[in-house]
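*Asks:* With the hints as constraints, model all of the structure from the sequences given.
Protein chains in written order, with the working numbering: chain A, 1 to 151; chain B, 1001 to 1393.
A few of these clues could be false.
[As the list claims (entries may be wrong)] Computed footprint of chain B on chain A; a stretch qualifies when at least three of its residues, placed anywhere within it, have a C-beta under 8 Å from a C-beta of chain B: (1) 25 to 34; (2) 69 to 77; (3) 91 to 100.
[Claimed, not checked] Here are some chain B residues the structure puts well away from chain A; computed CB gaps all over 10 Å: (4) Q1063; (5) E1067; (6) D1080; (7) L1084; (8) Q1087; (9) E1123; (10) Q1222; (11) R1225; (12) R1228; (13) E1229; (14) G1231; (15) R1232; (16) G1236; (17) E1239; (18) A1288; (19) L1320.
In short, the hints are calculated from the structure, not lab data.
Being a predicted model, the structure only gives us computed values, none of them experimental.
Yeah, the Cβ is synthetic: ideal placement off N, Cα and C, and Gly gets one too.
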Amino acid sequence: MSVVRVLNVVAGGRQFALEIGVVQGIERPRRWARLPLAPSYVLGVCEIGGTVVAVVDLAARLGLEAGPESHTGGVVLLDSAEAVGLSVEAIDGVGELDLEAGVDLGPTGRAAGARGLGSGGRILLESEPLVDGRPLTSLREILGDAWKGSE
Amino acid sequence: MNADQDGGLRRWGREVDALSAEATRHNTRLEAGLERARQAVDEVLARLEGLEARLDPSPALVQRVAEVAHVTGEAATRTDLLALNFQVEAARLGEDDRGLAQVAYEIRSLAERGARGAAELQELASGLERAGASASEACAEGRASLENAREVLREAHRSGARMGESLSLARSAAASFAAGIKHRADAGDAAGEAARRLGAAAGVREEAIRRLAETSAARLWQTLRDLREEGRRSEGAVEQVESFSSKLRGLFGLVSDADEIARRAKQLALNADLAAHRSEDPAFGLFAEEARRLAEQAEVTATASQARLVEAQELIGPDLADRRARVLTLKRIASELDRVLRGFGGTGDQVADQSELEQVWREDRATARGLADARASYQALVDEASGERPALE
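*Replies:* As structure tokens, then:
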């Protein structure tokens, strides 16, 4: 793993990145329907381009407190078998993440929904664990001091 | 009455006469000054009526600015979303940053600036709304304070007229008294005693009139302070409106941003067409269409924003002129009143209220009655002692 092209986002007031290959697009749906009995991190479903998309609150999925909202927030549509979108507080645009200078978190990280820690403290997310409903371990515990350093 | 008493009473009569004449002249000047100040207050109140009527467009101004904020914000959000998706698509296809993605990046920057401008406009609209409410409130407060000033000036004017009458009577009494003394030098001890009592009563009345003048002046000083405070508040309102006006001028930059977005969006559409041919990815064709729609929207936004900002400026102009005129008139009144009061003397550090003024008036009327009684007693004594009718009046 070296330099990857990513979409930079903010959730729970913290900076994350999603590899560009898993991003299908970005939308700002005006309304969505809540789903009864769904996990608390599922905000609901919305219609985007004729497709019903389930929207996951990324901060809640990672066990973080919601950060302040901004006008650049939105839903990142993932390129996956299921139509799923991640709701984030801000979308900072496309960039590059140097993982050579960072940390590859390996299987432990994937269990928490993260692939690695880039230079500058931005956490590269792994999309699959975020949307398949499996229980996630705490990123805070896995990263330890690095979590504080990435604040 | 002996020769010393006679001489003393004659001197006293001359002094009272001179003092009364001076006080009457002073009173005439005071009355004229008060009348001028009252006319100036009436003028401001009339202007205030006009200003209040013209404050009505403020909600319209707020609405115009809010509309511009809404249109600009919507356009910025749509532009940002399109440019962001274009960036993602270009990155997925491995496009070079210096090419398509760069154009998308630049458009995003413009969209962000537009969003900031929209937020600023929204804030401005809220600020204008608050300012409109506080301007109406200040107008009502200013009206109340000026109505109060007018009432005080009217009262002072009436007081001045009453003081003039009192002073005139006192002068007449003093003159008559002096004449009576001259003719009745041999009136005897009883008449001399009555004359002394009469002199004392007239002196008390002079003192009461002086206190009355001071009390009226104290109230006028307070009015002057109120007027100055009102002037400062009005100046603050002028500064506030000037600041809004200046911000509005600055927001014309948003219009050129919207023009720039239109230009870049057209460029993006052309590049997307080229990319669609090069990569055979239909997504670029869709982007091209979207970018053309964006360009049209940005042009409409620029035109609409410009028109609304011009309307907002046209609304704010007359309001500003009125506020400035009001400040000038208030300053003129304060200056006039200040001049009148400086002629009156003192600084009005101790402020008299209405009840104090009324108390002084009651005392003055009581001493006036005492003076009349003393004069009647003196007349009776003189008549009894000499069997003649002295030339008192």
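*Asks:* None of the hints should be skipped; say for each whether it holds.
*Replies:* Cross-check of the supplied hints:
Evaluation of the coverage hint for the segment 25 to 34 of chain A: fulfilled, as 4 residues show C-beta separations to chain B shorter than 8 Å, against a requirement of three. Judged by the Cβ-Cβ criterion of 8 Å, the segment 69 to 77 of chain A is covered by chain B as claimed, because 3 of its residues qualify and three suffice. Under a criterion of three residues with beta carbons nearer than 8 Å to beta carbons of chain B, the stated coverage of the segment 91 to 100 of chain A is upheld, 3 such residues being counted. No Cβ of chain A comes within 10 Å of the Cβ of Q1063(B); the nearest lies about 22 Å off, and the non-interface call holds.
Once the 10 Å rule is applied to beta carbons, E1067(B) is consistent with being away from chain A; the minimum gap is 18 Å. With 10 Å as the threshold on Cβ separation, the claim that D1080(B) sits away from chain A is violated: the shortest Cβ distance comes to roughly 7 Å. Annotated as non-interface, L1084(B) brings its C-beta within 10 Å of a C-beta of chain A; the closest such distance is 5 Å. Non-interface status of Q1087(B) relative to chain A is broken: a Cβ of that chain comes within 10 Å, the nearest being about 4 Å off.
Interface exclusion of E1123(B) from chain A stands, the closest Cβ pair being 13 Å apart, more than 10 Å. Against chain A, the non-interface label of Q1222(B) holds: every CB pair exceeds 10 Å, the least being about 51 Å. Every Cβ of chain A is farther than 10 Å from the Cβ of R1225(B); the closest lies at roughly 48 Å, confirming the non-interface assignment. At roughly 46 Å from the closest C-beta of chain A, the C-beta of R1228(B) stays outside 10 Å, upholding its exclusion from the interface.
Residue-level check passed: E1229(B) sits 42 Å from the nearest beta carbon of chain A, beyond 10 Å. Listed as a non-interface residue, G1231(B) keeps its Cβ farther than 10 Å from every Cβ of chain A; the least gap is roughly 42 Å. The Cβ of R1232(B) lies farther than 10 Å from every Cβ of chain A, with a closest approach of about 39 Å, so its non-interface assignment holds. Look at G1236(B): its CB is around 33 Å from the nearest CB on chain A, clear of 10 Å, so calling it non-interface holds up.
Its beta-carbon lying about 31 Å from the closest one in chain A, E1239(B) satisfies the requirement of being farther than 10 Å from that chain. Separation of A1288(B) from chain A is adequate, the least Cβ-Cβ distance of about 16 Å exceeding the 10 Å criterion. At the 10 Å boundary, the C-beta of L1320(B) stays outside the reach of chain A, the nearest C-beta of that chain being 32 Å off.
Hint check: violations occur at hints 6, 7 and 8; the rest are consistent with the structure.
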